[in-house]
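Heads up: the sequence lines are chains A and B, in that order. Residue 200 in our numbering sits at position 199 of the first sequence; the count goes up by one each step and never skips. Residue 103 in our numbering sits at position 102 of the second sequence; the count goes up by one each step and never skips.
If a hint is listed, it holds; no wrong ones were tucked in.
Dumping the calculated DSS-like pairs for lysine-lysine here, alpha-carbon to alpha-carbon at most 30 Å:
no. : chain 1 : residue 1 : chain 2 : residue 2
1   : B       : Lys-49    : A       : Lys-170
2   : A       : Lys-170   : B       : Lys-170
3   : A       : Lys-96    : B       : Lys-96
4   : B       : Lys-96    : A       : Lys-170
5   : B       : Lys-241   : B       : Lys-269
6   : A       : Lys-96    : A       : Lys-117
7   : B       : Lys-348   : A       : Lys-181
8   : B       : Lys-181   : A       : Lys-348
9   : B       : Lys-269   : B       : Lys-206
10  : A       : Lys-49    : B       : Lys-170
11  : A       : Lys-170   : B       : Lys-348
12  : B       : Lys-269   : A       : Lys-170
13  : B       : Lys-170   : A       : Lys-269
14  : A       : Lys-206   : A       : Lys-117
15  : A       : Lys-269   : B       : Lys-269
16  : A       : Lys-348   : B       : Lys-170
17  : B       : Lys-170   : A       : Lys-96
18  : B       : Lys-49    : B       : Lys-96
19  : A       : Lys-241   : A       : Lys-269
Worth flagging that the hints you see were computed from the coordinates, not collected in a lab.
2 protein chains.
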Amino acid sequence: MSEPRFLRALRRQSVDRPPVWLMRQAGRYLPEYREVRAQSGGFLGLVKNPLSACEVTLQPIRRFGFDASIVFSDILVVPEAMGMELSFGVGEGPKLAPPIRDAAGVARLSIPDPDKFSYVYETIRRIVDGLPAAARQAAIDGVDDVPLIGFCGAPFTVASYMVEGEGSKNYVEVKRLMHKDPETFMALLDKLVETTTGYLVAQVKAGARVLQIFDTWAGELAPDDLAIVAVGPVSRLITKVRALLPADSAVPIIYFARGCADALDIVKGAGADAYGLDWRARIARSWAVLGDEVAVQGNLDPACLFGPAEVVARKTRSILDDVGHRPGFVFNLGHGILPETPVDNVKAMLDVVRLARV
Amino acid sequence: MSEPRFLRALRRQSVDRPPVWLMRQAGRYLPEYREVRAQSGGFLGLVKNPLSACEVTLQPIRRFGFDASIVFSDILVVPEAMGMELSFGVGEGPKLAPPIRDAAGVARLSIPDPDKFSYVYETIRRIVDGLPAAARQAAIDGVDDVPLIGFCGAPFTVASYMVEGEGSKNYVEVKRLMHKDPETFMALLDKLVETTTGYLVAQVKAGARVLQIFDTWAGELAPDDLAIVAVGPVSRLITKVRALLPADSAVPIIYFARGCADALDIVKGAGADAYGLDWRARIARSWAVLGDEVAVQGNLDPACLFGPAEVVARKTRSILDDVGHRPGFVFNLGHGILPETPVDNVKAMLDVVRLARV
Numbered sequence: 002m003s004e005p006r007f008l009r010a011l012r013r014q015s016v017d018r019p020p021v022w023l024m025r026q027a028g029r030y031l032p033e034y035r036e037v038r039a040q041s042g043g044f045l046g047l048v049k050n051p052l053s054a055c056e057v058t059l060q061p062i063r064r065f066g067f068d069a070s071i072v073f074s075d076i077l078v079v080p081e082a083m084g085m086e087l088s089f090g091v092g093e094g095p096k097l098a099p100p101i102r103d104a105a106g107v108a109r110l111s112i113p114d115p116d117k118f119s120y121v122y123e124t125i126r127r128i129v130d131g132l133p134a135a136a137r138q139a140a141i142d143g144v145d146d147v148p149l150i151g152f153c154g155a156p157f158t159v160a161s162y163m164v165e166g167e168g169s170k171n172y173v174e175v176k177r178l179m180h181k182d183p184e185t186f187m188a189l190l191d192k193l194v195e196t197t198t199g200y201l202v203a204q205v206k207a208g209a210r211v212l213q214i215f216d217t218w219a220g221e222l223a224p225d226d227l228a229i230v231a232v233g234p235v236s237r238l239i240t241k242v243r244a245l246l247p248a249d250s251a252v253p254i255i256y257f258a259r260g261c262a263d264a265l266d267i268v269k270g271a272g273a274d275a276y277g278l279d280w281r282a283r284i285a286r287s288w289a290v291l292g293d294e295v296a297v298q299g300n301l302d303p304a305c306l307f308g309p310a311e312v313v314a315r316k317t318r319s320i321l322d323d324v325g326h327r328p329g330f331v332f333n334l335g336h337g338i339l340p341e342t343p344v345d346n347v348k349a350m351l352d353v354v355r356l357a358r359v
Numbered sequence: 002m003s004e005p006r007f008l009r010a011l012r013r014q015s016v017d018r019p020p021v022w023l024m025r026q027a028g029r030y031l032p033e034y035r036e037v038r039a040q041s042g043g044f045l046g047l048v049k050n051p052l053s054a055c056e057v058t059l060q061p062i063r064r065f066g067f068d069a070s071i072v073f074s075d076i077l078v079v080p081e082a083m084g085m086e087l088s089f090g091v092g093e094g095p096k097l098a099p100p101i102r103d104a105a106g107v108a109r110l111s112i113p114d115p116d117k118f119s120y121v122y123e124t125i126r127r128i129v130d131g132l133p134a135a136a137r138q139a140a141i142d143g144v145d146d147v148p149l150i151g152f153c154g155a156p157f158t159v160a161s162y163m164v165e166g167e168g169s170k171n172y173v174e175v176k177r178l179m180h181k182d183p184e185t186f187m188a189l190l191d192k193l194v195e196t197t198t199g200y201l202v203a204q205v206k207a208g209a210r211v212l213q214i215f216d217t218w219a220g221e222l223a224p225d226d227l228a229i230v231a232v233g234p235v236s237r238l239i240t241k242v243r244a245l246l247p248a249d250s251a252v253p254i255i256y257f258a259r260g261c262a263d264a265l266d267i268v269k270g271a272g273a274d275a276y277g278l279d280w281r282a283r284i285a286r287s288w289a290v291l292g293d294e295v296a297v298q299g300n301l302d303p304a305c306l307f308g309p310a311e312v313v314a315r316k317t318r319s320i321l322d323d324v325g326h327r328p329g330f331v332f333n334l335g336h337g338i339l340p341e342t343p344v345d346n347v348k349a350m351l352d353v354v355r356l357a358r359v
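Okay, chain A solo, but in the shape it has when bound (with noise of 0.2 Å):
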């Protein structure tokens, strides 16, 4: 049996259309996941509970057999994981509490053991007992061999949560410890590459297949920043894992840095299979800067989900037009699928993948 058309557009081999898989798949726009939600005592519970992420992690397998899976869970799990207290208020983003500032609080992070998220590989082993059996339910033509996606965040991003305490606007305390004492923000991110090096590598031992880096913040970095903050750590994180792999592993890891579609020569510095594209850049110049040996992934702006299927079908196309025949690119939005998303309109969008031939 051939490899899942995920990991062969990974590697740049022939497919006969564009896999497909979205950010945040697994969300609050499927009517079945709001109902294990309900259930499950918010969403820090439901991460930590491996029968519920796994049932929310096959839901939408079943209802549009995507070509990949992503477990369900978190990127701040690690930095919980590390000592903060992490908290999801009602209708609020996350908090992690108490920020780090300084030197002192850098040195109380502890760097865990990989055990530490044995939920996560508890929640990784049932999903792949259970994609084949989804996948079927779907019954999607040539989608029988779902690839599971292990993942986290990108040091600079997850350390942005952990000094502003939550989400931001500005990222001035952030900003404030990276320019004020640059050894301190480089302690921070050199442990957080550290823990999540360890993490990865479990997610792979218990079934990933595949690997994302999730940079969510790296656009509000100028390019000197980013640089040396976002992409040298990642580069280093991925380095890392790639040497604790098993050399027969073949985990392609793909380096979603969000807002960065002018620094694409500087994000490539991430030594990444793969990049993600957020839905600002235009495939086909952006290829050209990444360079033809890497697989991209992208880019439909989730909130063009909103529009008519009309307009949602002929979006799709033009990313499609632009990628033209080149081998190894993936379809996805150029960001997590929108909680109030129409799910016809996911439907949409899947049509037109799904009749594309590359």
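Go by the hints and put chain B onto chain A.
Frame of chain A, contents of chain B only:
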């Protein structure tokens, strides 16, 4: 007497050193501003009181001797004059009610007579009167005749607030309207072009010698949408304003489309005389895309001003190095100065810019 270096730079004429001003230079980082603001019955009360608005406009000229002044106002006075209710809650962003979501909402909006903004013109006249004394008080070499900038929000950015009703994270409502009913959305943008044209022309008649168009949310748009709903209306606005100004007025127009570093080939379709760059753009390569015939303004990361003075100086110098000896550069931040910015760091930045030789 030679023209001020700000005007000369915008016309790409030779200057002794780069002119410098800051977006939001009249603002909360200044103690003298906070004092006037506290006595003014809220932000909108301050904007609408020509005496106070003039006073806060002149404050940063007196303190720092900037090369340009910008009238203290807000981009959302335009939708207010068109019939929406504008409010600024304490510690909150602006609100516009009721949000415009359909053709009936757009139809209800008036295209007000430019006289509706007479308080802005009175503020401008007072500022123009007060600028020579303010510049003398600063006593910065070669800053005596300080040009005043009039401004407006770009149609897309203002429309975003009108449709969302407030600031937004994902711009779902404005994008929904844009995709669902493009005719209605274009009618809204047309009304904004019409209203803003008269408003900008009247600001020039009152004494503004430069105009800047702020497109704060342009960077939220995918490139094909950017061209149609952001840059297109700005291009029409600029054409109309130029047609209505006296032939000898030669008022340079600056277009600042935030978050568009990778889309400057689209942005330059606005046909402005100068383009503002945000802190994610790299000056030399951005300018190469914009072309030699335009001036460029930017682009220090405003959050960098929270770092130590030596970082501020280094990053300021790095921008000036990137500019090199090209004529037509105006030093500025890459976005508005942030409320908590230490005043001493503004001084550290200015010291470097003023030592630069073009």
